[in-house]
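Could you put together the complete structure from these sequences and hints?
Under UniProt numbering, the residue at position 114 of the sequence shown is numbered 114, and the numbers go up by one with no gaps.
Heads up, simulated DSS-like pairs for lysine-lysine below, C-alpha to C-alpha not over 30 Å straight-line:
#  : residue 1 : residue 2
1  : K77       : K104
2  : K302      : K104
3  : K50       : K104
4  : K67       : K302
5  : K326      : K302
6  : K326      : K77
7  : K67       : K77
8  : K140      : K67
9  : K302      : K77
10 : K67       : K326
11 : K67       : K50
12 : K50       : K302
13 : K104      : K67
14 : K77       : K50
Treat the hints as calculated values from the structure; they're not laboratory data. Model, not experiment: these values are computed from the prediction.
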Amino acid sequence: MSDSEQYIPMAPGTPVPTFRSDSGLQLHVHPLVKDQPDPEYVLSNCQGRKRALLIGINYFDTQHELKGCVNDVHNIKEFLTDLYGFQEEDMRILTDDQTDDPHKMPTRVNILTSMQWLIEDAQENDSFFLHFSGHGGRVKDTSGDEYDGFDETIYPLDFERYEGNSGQIIDDDMHDLLVRPLPAGCRLTAIFDSCHSGTALDLPYVYSTQGEIKDHNLFKFAGRRILHAGLAYATGDKENAKMFISELPGQIKEASSVTQENRRTNSSRADVIMFSGCKDYQSSADVQEGDPTGAMSFAFIKTLRENPDQSYQELLVSLREILGEKYSQRPQMSSSHPIDVSLRFIC
1 MSDSEQYIPM
11 APGTPVPTFR
21 SDSGLQLHVH
31 PLVKDQPDPE
41 YVLSNCQGRK
51 RALLIGINYF
61 DTQHELKGCV
71 NDVHNIKEFL
81 TDLYGFQEED
91 MRILTDDQTD
101 DPHKMPTRVN
111 ILTSMQWLIE
121 DAQENDSFFL
131 HFSGHGGRVK
141 DTSGDEYDGF
151 DETIYPLDFE
161 RYEGNSGQII
171 DDDMHDLLVR
181 PLPAGCRLTA
191 IFDSCHSGTA
201 LDLPYVYSTQ
211 GEIKDHNLFK
221 FAGRRILHAG
231 LAYATGDKEN
241 AKMFISELPG
251 QIKEASSVTQ
261 ENRRTNSSRA
271 DVIMFSGCKD
281 YQSSADVQEG
291 DPTGAMSFAF
301 IKTLRENPDQ
311 SYQELLVSLR
321 EILGEKYSQR
331 PQMSSSHPID
341 VSLRFIC
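See the structure below:
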């Protein structure tokens with residue numbers, strides 16, 4: 001990467017129903033959430049400046065080629081202008097069909113600098129929107145902040161130019177670029193339509209369709225370990241079977257500790273909401289009816305065009321119902337702090 005390509009890290013309408021903390025600040029926190037501290041999370045009314053970064057990568061003429069990602073960007077662009085008042089001049093679009101302009105290609109450097117542009121001079125009540133459609137992956141976690149031992153990543157167009165996994169953009173870096181610098185009361189809405197995207201921004205609060213904050217599913221984690229032990233035993237590998245079982249209590253305790261530490265370090269006073277196409281360990285599909293599109297992008301646009309007056313919980317349920325008709329992937333919703341999921345979705 002040349003010196004000229006280096007990105008520079010940044011230093012850190014209608015009223016929506018809210019309630020107030022003892023300090024008098026408007027909160028986006030469900031009043032029934034228990035055992036949570038009372039940091040001054042401020043709800044954005046999304047009536048300030050609007051800005052959007054839309055990234056779609058088809059990886060044309062490579063073995064990694066996808067079909068619907070560029071279409072996703074065009075569809076999301078129309079969706080944002082039609083329903084939520086975003087203007088084209090306040091959007092930055094990176095797609096790999098714009099070969100005549102290298103600054104509009106979704107390279108690693110262009111993505112990182114555009115993420116900085118997206119949140120530049122962020123203020124209370126601003127509303128920023130990030131959409132990524134492309135390949136996602138996982139790499140071994142080196143910071144100790146992932147309960148499953150893996151960081152989630154996205155793949156820029158030019159990821160193969162870099163050594164090893166360094167061409168990918170990991171969730172820790174996206175959190176530091178996009179979430180940590182935001183002030184209280186600033187909204188960032190993010191959509192990741194990619195594989196392994198469940199916690200792509202490292203937001204610490206993940207929601208069930210019942211509107212409850214979920215702990216990482218440690219029982220499912222334990223079940224997988226027991227399954228591995230059973231398979232090892234069945235093939236005569238008693239030593240590995242014993243190891244899988246003996247290590248289980250310590251691993252569950254460690255995973256629970258990581259979850260609590262994430263909530264302490266990755267919470268934000270800003271108003272950050274993310275919808276992802278699947279859980280961290282799942283892959284994400286394309287819709288092949290008509291012009292190909294990402295399944296998550298298709299479902300998100302479809303349900304909000306049909307009914308824009310949905311709560312966050314209703315939106316998550318709708319996404320799962322639409323995708324559940326044909327796909328095994330389960331969309332996720334996460335946030336930077338506990339939210340009242342009965343509030344109407346805005347952006």
